[in-house]
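Participant: Protein chains in written order, with my numbering: chain D, -5 to 254; chain E, -5 to 254.
Keep in mind the hints are simulated off the structure, nothing from the lab.
Quick reminder that beta carbons are idealized off the backbone N, C-alpha and C, glycines included.
Accuracy of the hints is not assured; some may be wrong.
One side only, chain E facing chain D, incomplete, derived with CB under 8 Å [said to hold, decoys possible]:
hint	residue
1	34
2	80
3	94
4	99
5	177
Per the computed footprint, the stretches of chain E lying under chain D, defined by three or more beta-carbons under 8 Å from a beta-carbon of chain D, are [to be verified]:
hint	region
6	67 to 79
7	124 to 135
8	158 to 168
9	186 to 197
10	212 to 224
Chain by chain, the residues:
Number of protein chains: 2
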Amino acid sequence: MKQVTRRQVLGPLAIAAGSCVLSSCLSKRVVSSSDGITGQDVPWPYEELDADATAARAYDGYRQGHCMYGAFVPVVSQLAERRGEPYSSFPVGMMRYGAGGAGGSGSLCGALNGSAALIGLFARNEDETKLLVDELFLWYEQTELPVYEPAKPVVAGQMRKSVPNSILCHVSVTMWCRASGYKISSKQQKERCARLTADTAKKTVEILNANFAGRFSSVHDFEQDVKTCKSCHTKGSEKSNTRGKMRCGTCHFSLPAEHP
Amino acid sequence: MKQVTRRQVLGPLAIAAGSCVLSSCLSKRVVSSSDGITGQDVPWPYEELDADATAARAYDGYRQGHCMYGAFVPVVSQLAERRGEPYSSFPVGMMRYGAGGAGGSGSLCGALNGSAALIGLFARNEDETKLLVDELFLWYEQTELPVYEPAKPVVAGQMRKSVPNSILCHVSVTMWCRASGYKISSKQQKERCARLTADTAKKTVEILNANFAGRFSSVHDFEQDVKTCKSCHTKGSEKSNTRGKMRCGTCHFSLPAEHP
Chain D
-5 MKQVTRRQVL GPLAIAAGSC VLSSCLSKRV VSSSDGITGQ DVPWPYEELD
45 ADATAARAYD GYRQGHCMYG AFVPVVSQLA ERRGEPYSSF PVGMMRYGAG
95 GAGGSGSLCG ALNGSAALIG LFARNEDETK LLVDELFLWY EQTELPVYEP
145 AKPVVAGQMR KSVPNSILCH VSVTMWCRAS GYKISSKQQK ERCARLTADT
195 AKKTVEILNA NFAGRFSSVH DFEQDVKTCK SCHTKGSEKS NTRGKMRCGT
245 CHFSLPAEHP
Chain E
-5 MKQVTRRQVL GPLAIAAGSC VLSSCLSKRV VSSSDGITGQ DVPWPYEELD
45 ADATAARAYD GYRQGHCMYG AFVPVVSQLA ERRGEPYSSF PVGMMRYGAG
95 GAGGSGSLCG ALNGSAALIG LFARNEDETK LLVDELFLWY EQTELPVYEP
145 AKPVVAGQMR KSVPNSILCH VSVTMWCRAS GYKISSKQQK ERCARLTADT
195 AKKTVEILNA NFAGRFSSVH DFEQDVKTCK SCHTKGSEKS NTRGKMRCGT
245 CHFSLPAEHP
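Okay, chain D solo, but in the shape it has when bound:
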């Protein structure tokens, strides 16, 4: 009964989703039949989208619901316009929680959190999710942003760029404030984050398009200093005492003198 319902809703789309054929979609139910979840679990079928149109929607979306919402909604809304359910029933407003690094905490950049959530919605397994999230996060950490120039900017003018050097909102925003001279929560800082949300949404669609067309390959890798740290500290190394893939020196900027 579950499968019939799912086929009715997702059948035509599954064929359109490149390598996400129906059988592979159906094989990924991750919850038991006793948990009350009877609808369409992941992966939801993905269709190629226009990256520039997505960026424009994300820029506008930032003003409606901040960074995570701004990055997440454009993809779901475009698929909803084309295909209706199940996309049209996603409670997109929930993604407002990710603003300012989740509830304003300054942790994971909301544009990245929303984009990673999209990857979680469409990816066919955990390895694929990690592969695509890795590429997105490393791109963000290492790229001068924002690049996006809106057709109708809320705050006009040339935008100072900076390399976030971190996937954390707190660091990313501080780095930009330092580079630009603007204060936190200024209209210029919000404009920077709106444009960065557009950049991140665009990159995410480029990654998803490539992945589901079977032509994705990672472009970004850890910086050399991160590789050096990991050689002693990551899983399976001598110390095996830390986890994560964030750039180390952004927080560990002043290691004790006795560190080798």
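Following the hints, position chain E against chain D.
Facilitator: Quick look at chain E alone, frame taken from chain D:
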């Protein structure tokens, strides 16, 4: 047409959701009618849940889909079992992306990310979201965890506790590895994170229960050292050059000598 569909699905529940009466639910549509989103946007009605039963489900959920999934699914699945739609159609498997601080990056703890997503789903406005997320995140940062003791532990035995001192997976896990002597990705570390996921899910339900019964008030506040840092660096202060609410000293552990 939208409202009729929404009333049909959510009408009975909205009455059961304490102060989330139907009119307030309907007033919170955050997307325009041209975006293809036609289903039930936030807030979804919340009903009081048993916190201990939620913890037990979260402990099991961790083994099925890691930390973010483990924290998110128990609440949605219990409401789906009671009420069916729209809960039963939420694509819960997407929440696997939050594992290990999102794609293994070590940023926001997945149990917190999943719990904050729940708050985003049920809260009635952005101020409420921030208020509840603040309480949850500060509780996590300042509390010796894990406390939860499973009836049927995957890894038996007394569990060493530690104060995470951070909402970041990278720091939280490293602090525990340092306190316990166990290595990263050991079966003991995974057991610790499974129990911590249970603790976080339980706390989230306690917060949601209190909030929708009209008896929520914040218990946790910033540590004194954070307040001192914020007096110069946060929005509206002299420098206004950082944003966030994370404990400062966890990363800024060795400030330059010239810092006042």
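Participant: Are the hints correct? Go through all of them and say.
Facilitator: Quick rundown of the hints versus the structure:
1. 34: Since chain D brings a Cβ to about 6 Å from residue 34/E, closer than 8 Å, the hint holds.
2. 80: holds (7 Å)
3. 94: Nearest chain D Cβ about 6 Å off; hint holds.
4. 99: holds (5 Å)
5. 177: Holds, about 4 Å.
6. 67 to 79: It holds, with 10 qualifying residues against the three required.
7. 124 to 135: Coverage by chain D holds here, the residue count being 4 at a Cβ distance below 8 Å.
8. 158 to 168: Coverage by chain D holds for the region 158 to 168 of chain E (6 residues, Cβ < 8 Å).
9. 186 to 197: Result for this restraint: violated, n = 0.
10. 212 to 224: Violated: only 0 residues of the region 212 to 224 of chain E have a Cβ under 8 Å from chain D.
The structure fails hints 9, 10 (numbered hints given earlier, in ascending order).
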